[in-house]
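Q: Sequence:
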Amino acid sequence: MHLSDDTYAAFLNGTARDLAETLGAFPAPGGTRFAVWAPHATSVTVVLGDEASHPLRIPTTPVRESGVWSVDGVDAPAGTRYRFAITGADGETRLKADPMAREAAPRPSDCSVVTVPAHRWSDDRWLAARARSDPRREPLSVYEVHLGTWRWDPREPGRERPYTELAPMLADHAERLGVTHVELMPIAAHPFPGSWGYQGTGYFAPDPRHGSSDELKALIDHLHGRGIGVIADWVPGHFSADEYALGRFDGEPLYEHPDPRRGTQPAFGALVFNLQRPEVRSFLLSCAAYWLEEFHIDGLRVDAVSSMLRHDWGRPGAEVLPEADGSLVNPDAISFLRELNELVEQEAPGAFTVAEEATAWPGVTHDDGLGFTFCWNMGWSHDWLAYLELDPAERPAAHNEITFASAYAGSEHFVLALSHDVIAERSLTARMWGSAEQRLAGQRALLALQWAHRGKKLLFMGAELAAPSAWTHDWALDWTLPERDRRSAGMLDFVSALGHAYRARPALWAADDVDAGFEWVEADDAARSVYAWIRCAPGAEPLLCVANLGAEPQAAYRIDAPRDTQWRIVLDSDEARFGGAGTAAARHDDGVLVLDLPPFACLWLVPEGDDV
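Heads up, the sequence shown stops at 612 in this note's numbering, and the numbers go up one at a time, no gaps.
Derived from the structure by calculation, the hints contain no laboratory data.
One should not assume that every hint holds.
[What the hints assert, rightly or not] Label-pair restraints from in silico Cβ distances:
1. D6 x R136: 55 to 65 Å
2. D367 x D421: 47 to 57 Å
3. I334 x R261: 39 to 49 Å
4. L95 x G363: 35 to 45 Å
5. D515 x S435: 32 to 42 Å
6. S195 x G434: 15 to 25 Å
7. S195 x A128: 33 to 43 Å
8. G91 x D50: 41 to 51 Å
9. G269 x S435: 24 to 34 Å
10. P538 x S435: 26 to 36 Å
11. I334 x R107: 49 to 59 Å
Glycine included, C-beta positions come from ideal geometry on N, C-alpha and C.
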């Protein structure tokens, strides 16, 4: 499709959602058409091939006054590598990757690749069911994956597993864990494999280390066929400063703000998208639409929202450029994020958005706020992990670190995220207090409490294996650990049991967004570090969660649960098969629930007669 008047108008107005059908490389029987936006350029040339192949240069011509340069009928079949040689007003020519490329060549090449989509989707039933869904009132548990190191084999250090090889392995593991979704850490092209992938160089091109765009689609299709949704990390706030990428694309700041006080982000060493510019908004909205439509993505986890909302985030005072009225709030980011969330709702029924927002910005998930479906609860993870790092003797004084999360649980639609950045410096197991056995018990109790609290769930890869060390770019999950270490095997079995039990019990997810879905039974026993609450939902059997986070067992602990209910244990984090002692017990005395609570343990109980 050529640049029509309607598309051009939408592009200039910041409302275009279909630039992927207009800009980039489009093979056709008469030859490939190339089109690129470079309004400050004095000339643009398509460079076919890489430096080793004596590249061929094809000049383009400007399309009206649009700032778009294009050429038709180029002999460049699928698989051809290309770049744009862009000469700016300063007379300097820069070789740039195509911002709209659908494929990127593997590093160290910085070329884009002409491609023709060929994947035939088989997930119609999945998409139809998704369109009827309401993710806020359904189970949502997410396994966060860095594909490059998830199944990387240290015996083959130079080999990246392809998407097609990863697909059944990832589906098998997700099924075992009982999660509803996997979150793929940035799958768009980025230069450094040892990173989380948030310094993007190709916003429409998948990471080529694992294969082609068709192969990524096959992975997503396979997961959908196994009943597993896919969330993609997406980064509309900032991008890589690498020379071949978007920075000073046509010799002038184009995608980034021209003032470095807004165009750079010192905290990330990145360039910042200029959301004041309508064409940049069109680029990003089209990018979101492309991943949703072309790749059938079920959710976008939007990275670094906090950095977008305020001009002073991550910047020393002298480097901040306020608004004209002195405000440090970014109104362009606010309006863009609202438009993004409207787009997802309109273009992909049943898909959702998740904000990584760490400043307690009000209304992140409200219709009259930013409009996200969910946001990460960063305060919850900070408080609970800080508590569980404490010596048990110090925990009574910090008792409210655990209870506080319930006080604001209804203020947003939260995801309780034990994510990559939460445990970047130390693994989840290493963050617990005590001996090796006590650390594992503490981690099991934490996960059981997380899954029983209000909010959806997210767990970074490796926690299910009780990985002893934190993630690094030259580290891979040790998949033989459960075979060698019964404690690791116990953790894997526990996370699996937890995931399946969560999905089977609507009380734990159908009323996450209402206060009536959570009721404290014991919130004040700081001396013994005991907590208890009930989860409930209309039409569902209630679930009672009781935890002893102290170092001493609590025998014959009396719980003021509803007296007309006989309770039985359905999940015990201290069960022997999970690596515990197996000493928990429940009985009733004159209608009162009496429990034997092991140290560092969490129990889930349901009414007798609940057959789930």
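Q: Please check whether I334 and R107 have a Cβ separation lying inside 49 to 59 Å.
A: Since the Cβ atoms of I334 and R107 sit about 36 Å apart, the hinted range of 49 to 59 Å is violated.
Q: Note whether the CB distance of G91 and D50 lies within 41 to 51 Å or breaks it.
A: For D50 against G91, whose Cβ atoms are near 25 Å apart, the range 41 to 51 Å is violated.
Q: Could you check the hint for me, namely that D6 and R136 are 55 to 65 Å apart, CB to CB?
A: 35 Å, violated
Q: Return holds or violated for the Cβ distance of G269 and S435 against the range 24 to 34 Å.
A: 40 Å, violated
Q: Would you say the C-beta atoms of S195 and A128 sit inside 33 to 43 Å of each other?
A: 37 Å, holds
Q: Within 26 to 36 Å: is that where the Cβ-Cβ distance between P538 and S435 falls?
A: Taking Cβ atoms as reference, P538 and S435 lie about 44 Å apart, which means the hint is violated.
Q: Between the beta carbons of L95 and G363, is the distance compatible with 35 to 45 Å?
A: 44 Å, holds
Q: Do the beta carbons of I334 and R261 sit within 39 to 49 Å of each other?
A: 19 Å, violated
Q: Between D515 and S435, is the Cβ distance one that fits in 32 to 42 Å?
A: 39 Å, holds
Q: A range of 47 to 57 Å was offered for this pair. Does it hold for the Cβ distance of D367 and D421?
A: Since the Cβ atoms of D367 and D421 sit about 28 Å apart, the hinted range of 47 to 57 Å is violated.
Q: Does the Cβ distance between S195 and G434 fall inside 15 to 25 Å?
A: 33 Å, violated
Hints 1, 2, 3, 6, 8, 9, 10, 11 from the list above are not met by this structure, while the remaining hints are.
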